[in-house]
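Single-letter residue listing:
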Amino acid sequence: MNEDIKASSCAIEVRGLNKSFGERLALRSIDLRVSRGEHVVIFGPNGAGKTTLVKILATLVKPSSGSVQLDDIDIYDKPAQIRRRISLVSHQTFLYDDLTVYENLKFYGKMYDVPDLEQRIHEVIAWVQLESRLHSRVDTLSHGLQRRVSIARSVLHNPPILLLDEPEAGLDPHADAVIKDVLASINSGSRTIVMTTHNLERGLELGERVIILDRGKVVYQAAKHDISVKDFRQIFDQHTRISK
Amino acid sequence: MNEIFTRIFAIFWKDMLIEIRSKEFVFSVLVFAILELVIFSFAFSIRANMADMAASGILWVALTFGGVIGFNRIFAVEKENARLEGLMLCPVDRSIIYWGKLAGSFIFMLAVAVVVTPIFLILFNLPLLLPRLALIIVLAIIGFAAVGTLFSAVAINTRARDIMLPILFLPIIVPVIVAAVKATAPVLAGKAWGDILTWLQIIIAFDIIYLVVATLVFEFVIEE
Amino acid sequence: MSNKRALRDNALLGLGLVLMVAALYMVFVYVPTEKNMGIVQRIFYFHVPIAWVSLLSFFITFIFSILYLWKREMKWDSVACASAEIGVVFTTLVLITGPIWAKPVWGIWWTWDARLSTSLVLWLIYVAYLLIRSFATEPARGARYGAVIGIVGFIDVPLVFLAVNLWRTQHPTTIVFEGGVTVPMLLTLIVCIVAFTTLYIILLVQSANLKIMDADIKHLKGMIQAE
Chain A
1 MNEDIKASSC AIEVRGLNKS FGERLALRSI DLRVSRGEHV VIFGPNGAGK TTLVKILATL
61 VKPSSGSVQL DDIDIYDKPA QIRRRISLVS HQTFLYDDLT VYENLKFYGK MYDVPDLEQR
121 IHEVIAWVQL ESRLHSRVDT LSHGLQRRVS IARSVLHNPP ILLLDEPEAG LDPHADAVIK
181 DVLASINSGS RTIVMTTHNL ERGLELGERV IILDRGKVVY QAAKHDISVK DFRQIFDQHT
241 RISK
Chain B
1 MNEIFTRIFA IFWKDMLIEI RSKEFVFSVL VFAILELVIF SFAFSIRANM ADMAASGILW
61 VALTFGGVIG FNRIFAVEKE NARLEGLMLC PVDRSIIYWG KLAGSFIFML AVAVVVTPIF
121 LILFNLPLLL PRLALIIVLA IIGFAAVGTL FSAVAINTRA RDIMLPILFL PIIVPVIVAA
181 VKATAPVLAG KAWGDILTWL QIIIAFDIIY LVVATLVFEF VIEE
Chain C
1 MSNKRALRDN ALLGLGLVLM VAALYMVFVY VPTEKNMGIV QRIFYFHVPI AWVSLLSFFI
61 TFIFSILYLW KREMKWDSVA CASAEIGVVF TTLVLITGPI WAKPVWGIWW TWDARLSTSL
121 VLWLIYVAYL LIRSFATEPA RGARYGAVIG IVGFIDVPLV FLAVNLWRTQ HPTTIVFEGG
181 VTVPMLLTLI VCIVAFTTLY IILLVQSANL KIMDADIKHL KGMIQAE
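Chains as they are written, first to last, in the working numbering: chain A, 1 to 244; chain B, 1 to 224; chain C, 1 to 227.
I should point out that these hints are in silico values taken from the structure, not numbers from a laboratory.
Some clues are possibly wrong.
[Said to hold, decoys possible] Within a straight-line C-alpha distance of at most 16 Å, the following computed EDC-like cross-link-like pairs (lysine to aspartate or glutamate) qualify:
(1) A/Lys-55 with A/Glu-166
(2) A/Lys-55 with A/Glu-13
(3) A/Lys-78 with B/Asp-93
(4) A/Lys-55 with B/Glu-223
(5) A/Lys-62 with C/Glu-73
(6) A/Lys-62 with A/Asp-77
(7) B/Lys-79 with A/Asp-97
(8) C/Lys-211 with C/Asp-113
(9) A/Lys-180 with A/Glu-166
(10) A/Lys-224 with A/Glu-208
(11) B/Lys-23 with B/Glu-219
(12) A/Lys-78 with B/Glu-219
(13) C/Lys-211 with A/Glu-23
(14) A/Lys-110 with A/Glu-131
(15) C/Lys-211 with C/Glu-73
(16) B/Lys-23 with A/Asp-77
(17) A/Lys-78 with B/Glu-223
(18) A/Lys-224 with A/Glu-201
(19) C/Lys-103 with C/Asp-113
(20) A/Lys-230 with A/Glu-201
(21) A/Lys-62 with B/Glu-224
(22) A/Lys-217 with A/Glu-205
(23) B/Lys-23 with A/Asp-97
(24) C/Lys-71 with A/Glu-13
(25) A/Lys-62 with B/Glu-223
(26) C/Lys-71 with B/Glu-219
(27) B/Lys-79 with B/Asp-207
(28) A/Lys-55 with B/Glu-224
(29) A/Lys-110 with B/Glu-3
(30) A/Lys-110 with B/Glu-224
(31) A/Lys-217 with A/Asp-31
(32) A/Lys-180 with A/Glu-205
(33) A/Lys-55 with B/Glu-3
(34) A/Lys-106 with A/Glu-131
(35) A/Lys-62 with B/Glu-85
[Claimed, not checked] Have a look at the derived ranges for each label pair, beta carbon to beta carbon:
(36) B/Ala-111 with C/Gln-206: 48 to 54 Å
(37) A/Glu-123 with C/Ser-134: 56 to 62 Å
(38) B/Val-38 with C/Ser-134: 34 to 40 Å
(39) B/Ser-28 with A/Arg-137: 50 to 56 Å
(40) B/Ala-111 with A/Leu-134: 28 to 34 Å
Where is the CB? At the ideal position from N, CA and C, for every residue including glycine.
With the hints as extra help, turn the sequences into a complete structure.
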């Protein structure tokens, strides 16, 4: 009985995940469990495998071996069903520059079969505070604004699991701050979040649990426990220096 | 079922909007196809009443190469902003993406044919009202689009993408070209149906086979 | 285990050698010269088996491409690729021996008959197969794309043959043995076909094994580098 409750409160379960690209081993024996509603932040130097891990969770990349389950659905079994329940925000916007914000959202809304699409579009665009630019072409927006539209796109279908791959990358500090606010307001629900970032400070703010990935392996994992940024920086350097 | 059509149409409509907004591309392909017609005409020292077979060949070369130029665009459009990943994140069967793109490439080729063919007929002093020619063209274009869309997805993730698409595409569509050229010649000369029926059957068989095969095989092309 | 394999490989090699010697003997000594075409006709005993093997090798590529996409084990892809490489070589030989035979006999280098035309298109398709593999950005992609071409390309072959055949029957210039085909000719042909098929199998086994070992080494290298 206890086991059942445990199993169904698990949003993401990864066991023994390996991924190699030809010769290169990108991920080695990754184990990861994320409970529903939990916010997990993954840190790691460049090339650690953060993006690969997130892409595998997003069903964009197939694992070489190991088991991956999201919302109790096996990734090998019904990936299309998983995609309904997740969303990915990365530094790539997935938007069509020649189309307006509205047209982009309408397109993705149709692809995700979102009910009451018109209303929903207005809802999400209000969340990211871009009502005034709803009918502007995407290529007339700055990077920061485009990133916000991308976030709006990602919550259109109200996914219980949100995956973020360095969402602050390439943005100036002001845009970055806005993104942070936007993310906070969107996650007032009980969304499960997995985020990768280079920004130790931001990550510590957002995350309940922190993981450090290095050279494809999990080298550190802990609940946040109010670690100061300075201490965490030490921990980070320590764990990623060992393997040098 | 409705879901499937909605999504295919969504992809198709999105592509149409993009092409309408950035008009240069379709226009350039049209200009290119017309140029080809003209060049080939000069190269073969055309007299206006030349043999139907040669005229037929010229038309189909113009259409084929116009198509080859255009097909790269089909998936190249999805390269920026990682849009293809965005599409792949959607909870749809991969083959729906193929059919959405297929609809777009069919319309594209149709647009090229609609402009090039009348110009061709005028240049060669041939009758303009040829419904049988229209039928041949539509059937052949389906085959071109079926193969071109699939190979476009293959070529974009390859180095030397611009040359790989023709190298893959042209050998495969040889049956369509042979059949289309052979079927068009008697039509231009105003001959009876009987001559072209078998050729049409070949084109139709090709279309059906490749639509099925491409649908089955497409997911292996775009997944990682 | 490796002893068994060496034994099997050597047995195959021995068999192939015997068959090839027998074939050469039969082609150059045993079978009488054909009445109408003269000595050049002997090329036929090479041309036909080589054409047969080229078709066989692309069929094998087709089958193993499907297997690879289904099971995703590298070894299937290695066989498919090895077979395609051999196929391209054999198809090139077909395209060379064809004109060599045609020129003295019919006075023309090339004829757009169904068989030669299909061989030419076949050659183009499988060269494209090899090109896409080498131009792919990663080996795994190259294997996948190659498999797709292997499947799509092979399905095209009967269609090409059909189309060109239909075209040519409107202008018949078929290759006919006016003197008829005698028993010794048939016998020689059969021996040659068996000999060349064995040669193909030997080449395929060697080449595929090499590729599989190469892939294993790369995989191990990757694992060592990561530590």
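Here is how each hint holds up against the structure:
1. Distance check on the hinted pair: A/Lys-55 and A/Glu-166 sit about 12 Å apart at the alpha-carbon level, within 16 Å; holds.
2. Between A/Lys-55 and A/Glu-13, the direct Cα distance comes to roughly 15 Å. Compliance with the 16 Å bound is thereby established for this hinted pair.
3. Between A/Lys-78 and B/Asp-93, the direct Cα distance comes to roughly 11 Å. Compliance with the 16 Å bound is thereby established for this hinted pair.
4. For the hint linking A/Lys-55 to B/Glu-223, the alpha-carbon distance of about 12 Å falls within 16 Å, and the restraint holds.
5. For the hint linking A/Lys-62 to C/Glu-73, the alpha-carbon distance of about 14 Å falls within 16 Å, and the restraint holds.
6. For the suggested pair A/Lys-62 and A/Asp-77, the alpha carbons sit about 12 Å apart, so the restraint of at most 16 Å is met.
7. Taking the CA atoms of B/Lys-79 and A/Asp-97, the gap is about 12 Å. The hint holds against a cut of 16 Å.
8. About 37 Å separates the Cα atoms of C/Lys-211 and C/Asp-113, which puts this hinted pair outside 16 Å; it is violated.
9. Taking the CA atoms of A/Lys-180 and A/Glu-166, the gap is near 12 Å; set against the 16 Å cutoff, the hint holds.
10. Taken as a hint, the A/Lys-224 and A/Glu-208 pair is honoured in the structure, with Cα atoms around 5 Å apart against an allowance of 16 Å.
11. Our distance criterion of 16 Å between C-alpha atoms is broken by B/Lys-23 and B/Glu-219, whose separation comes to about 30 Å.
12. This hinted pair checks out: A/Lys-78 and B/Glu-219 have alpha carbons roughly 14 Å apart, not beyond 16 Å.
13. For the given pair, C/Lys-211 sits about 14 Å from A/Glu-23 by alpha-carbon distance, which is consistent with the 16 Å threshold.
14. Between A/Lys-110 and A/Glu-131 the CA atoms are separated by roughly 20 Å; this puts the pair beyond 16 Å, and the hint is violated.
15. A C-alpha spacing of about 13 Å is found between C/Lys-211 and C/Glu-73, which places the hinted pair at or below 16 Å, so the restraint holds.
16. In summary, the hint linking B/Lys-23 to A/Asp-77 is not supported, as the alpha carbons are separated by about 42 Å, beyond the 16 Å threshold.
17. The hinted pair formed by A/Lys-78 and B/Glu-223 meets the criterion: a straight-line CA distance of about 15 Å does not exceed 16 Å.
18. Proposed proximity of A/Lys-224 and A/Glu-201 is supported: the alpha carbons are some 12 Å apart, at most 16 Å.
19. Restraint check for C/Lys-103 and C/Asp-113: satisfied, since their Cα atoms lie roughly 14 Å apart, inside the 16 Å limit.
20. Among the hinted pairs, A/Lys-230 with A/Glu-201 is consistent with the structure: their alpha-carbon atoms are about 9 Å apart, no more than 16 Å.
21. Only pairs whose Cα atoms come within 16 Å are accepted, and A/Lys-62 paired with B/Glu-224 is accepted, the gap being roughly 6 Å.
22. Between A/Lys-217 and A/Glu-205 the alpha-carbon distance is near 24 Å, which puts this suggested pair outside the 16 Å criterion.
23. Using a Cα cut-off of 16 Å, the hinted pair B/Lys-23 and A/Asp-97 holds, with the two alpha carbons roughly 14 Å apart.
24. For the suggested pair C/Lys-71 and A/Glu-13, the alpha carbons sit about 25 Å apart, so the restraint of at most 16 Å is broken.
25. Distance check on the hinted pair: A/Lys-62 and B/Glu-223 sit about 8 Å apart at the alpha-carbon level, within 16 Å; holds.
26. For the suggested pair C/Lys-71 and B/Glu-219, the alpha carbons sit about 15 Å apart, so the restraint of at most 16 Å is met.
27. With a CA separation close to 28 Å, the supplied pair B/Lys-79 and B/Asp-207 exceeds the 16 Å bound.
28. For a cut-off of 16 Å, the pair hint linking A/Lys-55 to B/Glu-224 stands: about 10 Å separates their Cα positions.
29. Using a Cα cut-off of 16 Å, the hinted pair A/Lys-110 and B/Glu-3 holds, with the two alpha carbons roughly 9 Å apart.
30. A threshold of 16 Å between alpha carbons decides the hint, and for A/Lys-110 with B/Glu-224 the separation of about 24 Å lies outside it, so the pair is violated.
31. Among the hinted pairs, A/Lys-217 with A/Asp-31 is consistent with the structure: their alpha-carbon atoms are about 9 Å apart, no more than 16 Å.
32. A distance of roughly 10 Å separates the Cα atoms of A/Lys-180 and A/Glu-205; the hinted pair therefore holds under the 16 Å criterion.
33. Between the alpha carbons of A/Lys-55 and B/Glu-3 the distance comes to roughly 26 Å, so the proposed pair goes past 16 Å and is violated.
34. Proposed proximity of A/Lys-106 and A/Glu-131 is supported: the alpha carbons are some 15 Å apart, at most 16 Å.
35. The hinted pair formed by A/Lys-62 and B/Glu-85 meets the criterion: a straight-line CA distance of about 13 Å does not exceed 16 Å.
36. Checked against the hint of 48 to 54 Å, the C-beta distance between B/Ala-111 and C/Gln-206 comes to roughly 52 Å, which is consistent with it.
37. The hinted range of 56 to 62 Å is not satisfied by A/Glu-123 and C/Ser-134, whose Cβ atoms lie roughly 50 Å apart.
38. The beta-carbon spacing between B/Val-38 and C/Ser-134, approximately 37 Å, falls within the hinted interval of 34 to 40 Å.
39. Hint check: B/Ser-28 to A/Arg-137, Cβ distance near 22 Å, so the stated range 50 to 56 Å is violated.
40. The hinted window of 28 to 34 Å between B/Ala-111 and A/Leu-134 holds, with their beta carbons roughly 31 Å apart.
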